[in-house]
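Novice: Each chain, written out:
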Amino acid sequence: MPKLPAPPVPAALKEAPPRPDEPRTETGAIETAKQAGTTVIDWIDERTSLSGTGRWLMFRKVPKGTNWAYTLGSATLFAFLSQAVTGVFLAMYYRPSATGGAYESVRQITTGVFLGQFVQGMHLWGASVMIVLVFLHMGRTFLYGAYKYPRELTWVIGVVLLILTMVMALTGYLLPFDQRAYWATVVATNITGTGPIVGPYLADFLRGGPEFTTTTLSRFYAIHMLVVPGAMIALIGAHLYLVSKLGTTAPPWRRAHRESPFDTVEA
Amino acid sequence: MNQRQKEEYLREYSILKSEGKPFFPYAVAKDAAMACIVMAIIITLSILFGAELGPKVNPTSTTYVPRPDWYFFFLFELLRITKPPSLTGLATVGIPTLGMILLFLLPFFDRSPERRPERRPVAMFTLVFVVGAMAFLTYDGATIGTPTALEIKTPKAVIAQGAAAVAKFEAGRLGVAQSGCEACHDIAGNGNPGPGPELTHIGARVPEEAIARTLDNPIAPMPSFRHLPNAKFEAIIYFLSQLK
Ligand code: HEM
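Line order of the protein sequences matches chains X and S.
Just so you know, we're using numbering that gives the first Met the number 0 here: the first sequence kicks off at 0 and counts up by one.
Just so you know, we're using numbering that gives the first Met the number 0 here: the second sequence kicks off at 0 and counts up by one.
Just to be clear, a hint being listed does not mean it is correct.
What the hints assert, rightly or not - Taking lysine-lysine and the DSSO-like style, the derived pairs with C-alpha atoms no more than 27 Å apart in a straight line are:
(1) K5(S) - K244(X)
(2) K244(X) - K60(X)
(3) K20(S) - K63(X)
(4) K13(X) - K29(S)
(5) K29(S) - K16(S)
(6) K231(S) - K243(S)
(7) K60(X) - K16(S)
(8) K155(S) - K13(X)
(9) K5(S) - K29(S)
(10) K55(S) - K152(S)
(11) K155(S) - K243(S)
(12) K20(S) - K60(X)
(13) K33(X) - K13(X)
(14) K5(S) - K60(X)
(15) K244(X) - K167(S)
(16) K29(S) - K167(S)
(17) K167(S) - K155(S)
(18) K244(X) - K29(S)
(19) K231(S) - K244(X)
(20) K231(S) - K155(S)
(21) K5(S) - K55(S)
(22) K60(X) - K29(S)
(23) K63(X) - K5(S)
(24) K29(S) - K63(X)
(25) K231(S) - K152(S)
(26) K55(S) - K167(S)
(27) K152(S) - K243(S)
(28) K152(S) - K167(S)
(29) K167(S) - K231(S)
(30) K13(X) - K60(X)
(31) K16(S) - K63(X)
(32) K244(X) - K63(X)
Because the hints were derived from the structure by calculation, they are not lab data.
Construct the entire structure; sequences and hints are all you get.
Specialist: Here it is as structure tokens:
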């Protein structure tokens, strides 16, 4: 089995190698725990053969010159996960009913629930942070020409993710059902309605009819909670599979050292 | 890119990659640090600004002016600055749709093998232009505000005069909001800063009768408002005279 590379810990923290005069003990608590861990992993691996995938995923190389701008994608992913977690907590208290107290349930979250306002604030501001990060990440890949061969599909999936992120922001805006939410959404669906060809149908679909009714809120809730997040998880999976398979780009100004007769081959 | 260029890229890339470091732990450590920063920013924003909940939905009120979250300001601003109504659909749906289609197709029409920003002048010019336009529209949408929203606190002096005065002040506020004064006047941060003078403290500067005279028979380009219903006209005068 190939050995895992040692983590870069300072020398002082490294475990001392066993001295030759000390008998090797295999019975300490730590040793037992280590073996238990290995056993569990072996058990799972025997049935799934996942360890090869894991190794492929974690120990693939990233090119020389990879800098902090390359963390923007995973930062976006992290913001998405934060939205998912805070969203689940909000869903525990939210009632998606225009007549049955959507507004009141949000009021309850902000005033009555322990840390409710904090979690709602995280969800609200997390949306802004995620949008900023998506645009920065897109800007980075554009600037580095990372959308070019062979990563065209990664880019196309990215654009779909961008649109879905904006759809999340738009549909989420209605859910508190206060004046601001209501009127902004009325305008947004009206704008949708002026769109070419499918515009009016799309607007009718969103509203659940030609008028803005209580069905509208349920539709937005279903889209915000189920449809778009599901699609996003699937697409992020595809995006990340392609990123791992193709490798991330090297910064465009990096050149490989070409082999020349004067180079000595390093072992 | 033709076949030769593709192969050349892949060859060069495989060398660069083999010179690199493993994803774990090097890239993972950076990603984790970035995740901590993102978390810290979200938590700080939540603690500082929290979540606000406005008044409850009231579909019958028409004076409430919708305002989107900041990331849709550019769309609302497009809506605001395209004046002929026949063009608004084109501007608010057409431009973003076109932008999205161009984004989708980008890898297919930009096929040159060049990746260095300084050697892709068209791409960089487009980037600067698009970012600039979006930033400008967002900024404009954020600062100008919607031309019919008028948010102002009822002055203490009015509250002291009792409920009837408050109601009249409120009627005047709605009247001013509906009459489009904010297209030319700044009232306590609402509306445009010109071409008319700021009206935030108009009641302290100009006596009530003079305000009425201005509204009745103003100097161009301000239009006359003498055709307004009497009660509304008086409420507007009262409202303005209380802005001290
Ligand atoms: C939910 C939104 C998104 C998530 C979670 C996400 C995640 C990621 C991650 C983790 C990477 C690895 C490299 C890096 O971090 O730079 C990546 C790469 C990439 N992403 Fe995204 N992304 C998202 C949206 C987008 C968008 C909107 C675009 C562009 C339209 C895009 C285009 C790309 C491209 C072209 C790469 C390859 C970059 C390279 O190889 O250097 N992604 N993405």
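Novice: Look at each hint and say if it fits the structure.
Specialist: Evaluation of the provided hints:
About 17 Å separates the Cα atoms of K5(S) and K244(X), which keeps this hinted pair within 27 Å; it holds. A threshold of 27 Å between alpha carbons decides the hint, and for K244(X) with K60(X) the separation of about 11 Å falls inside it, so the pair holds. For the suggested pair K20(S) and K63(X), the alpha carbons sit about 7 Å apart, so the restraint of at most 27 Å is met. At roughly 22 Å between alpha-carbon atoms, K13(X) and K29(S) fall within 27 Å of each other, so this suggested pair holds.
With a CA separation close to 18 Å, the supplied pair K29(S) and K16(S) stays within the 27 Å bound. Straight-line distance between C-alpha atoms of K231(S) and K243(S) comes to about 20 Å, which keeps the hinted pair within the 27 Å bound. Distance restraint check for K60(X) and K16(S): the Cα-Cα separation of roughly 6 Å lies within the 27 Å cut-off, and the hinted pair is therefore satisfied. Restraint check for K155(S) and K13(X): the C-alpha separation of about 71 Å exceeds 27 Å, so the hint is violated.
Between the alpha carbons of K5(S) and K29(S) the distance comes to roughly 30 Å, so the proposed pair goes past 27 Å and is violated. A C-alpha spacing of about 19 Å is found between K55(S) and K152(S), which places the hinted pair at or below 27 Å, so the restraint holds. Straight-line distance between C-alpha atoms of K155(S) and K243(S) comes to about 11 Å, which keeps the hinted pair within the 27 Å bound. Among the hinted pairs, K20(S) with K60(X) is consistent with the structure: their alpha-carbon atoms are about 5 Å apart, no more than 27 Å.
Straight-line distance between C-alpha atoms of K33(X) and K13(X) comes to about 17 Å, which keeps the hinted pair within the 27 Å bound. Taking the CA atoms of K5(S) and K60(X), the gap is about 21 Å. The hint holds against a cut of 27 Å. Our distance criterion of 27 Å between C-alpha atoms is broken by K244(X) and K167(S), whose separation comes to about 69 Å. At roughly 61 Å between alpha-carbon atoms, K29(S) and K167(S) are farther apart than 27 Å, so this suggested pair is violated.
With a C-alpha separation of about 14 Å, the suggested pairing of K167(S) with K155(S) holds against the 27 Å cut-off. For the suggested pair K244(X) and K29(S), the alpha carbons sit about 20 Å apart, so the restraint of at most 27 Å is met. Distance hint between K231(S) and K244(X) is unfulfilled; the C-alpha atoms sit about 69 Å from each other, more than 27 Å. A C-alpha spacing of about 22 Å is found between K231(S) and K155(S), which places the hinted pair at or below 27 Å, so the restraint holds.
Of the pairs offered as hints, the one joining K5(S) and K55(S) is violated, with about 59 Å between alpha carbons and a cut-off of 27 Å exceeded. In summary, the hint linking K60(X) to K29(S) is supported, as the alpha carbons are separated by about 14 Å, within the 27 Å threshold. For a cut-off of 27 Å, the pair hint linking K63(X) to K5(S) stands: about 20 Å separates their Cα positions. Between K29(S) and K63(X), the direct Cα distance comes to roughly 14 Å. Compliance with the 27 Å bound is thereby established for this hinted pair.
At roughly 20 Å between alpha-carbon atoms, K231(S) and K152(S) fall within 27 Å of each other, so this suggested pair holds. A distance of roughly 23 Å separates the Cα atoms of K55(S) and K167(S); the hinted pair therefore holds under the 27 Å criterion. A C-alpha spacing of about 12 Å is found between K152(S) and K243(S), which places the hinted pair at or below 27 Å, so the restraint holds. Taking the CA atoms of K152(S) and K167(S), the gap is near 14 Å; set against the 27 Å cutoff, the hint holds.
Of the pairs offered as hints, the one joining K167(S) and K231(S) holds, with about 9 Å between alpha carbons and a cut-off of 27 Å not exceeded. Restraint check for K13(X) and K60(X): the C-alpha separation of about 25 Å stays at or below 27 Å, so the hint holds. Restraint check for K16(S) and K63(X): the C-alpha separation of about 7 Å stays at or below 27 Å, so the hint holds. Taking the CA atoms of K244(X) and K63(X), the gap is about 17 Å. The hint holds against a cut of 27 Å.
Going down the numbered hints, you'll see the structure goes against 8, 9, 15, 16, 19, 21, while the others check out.
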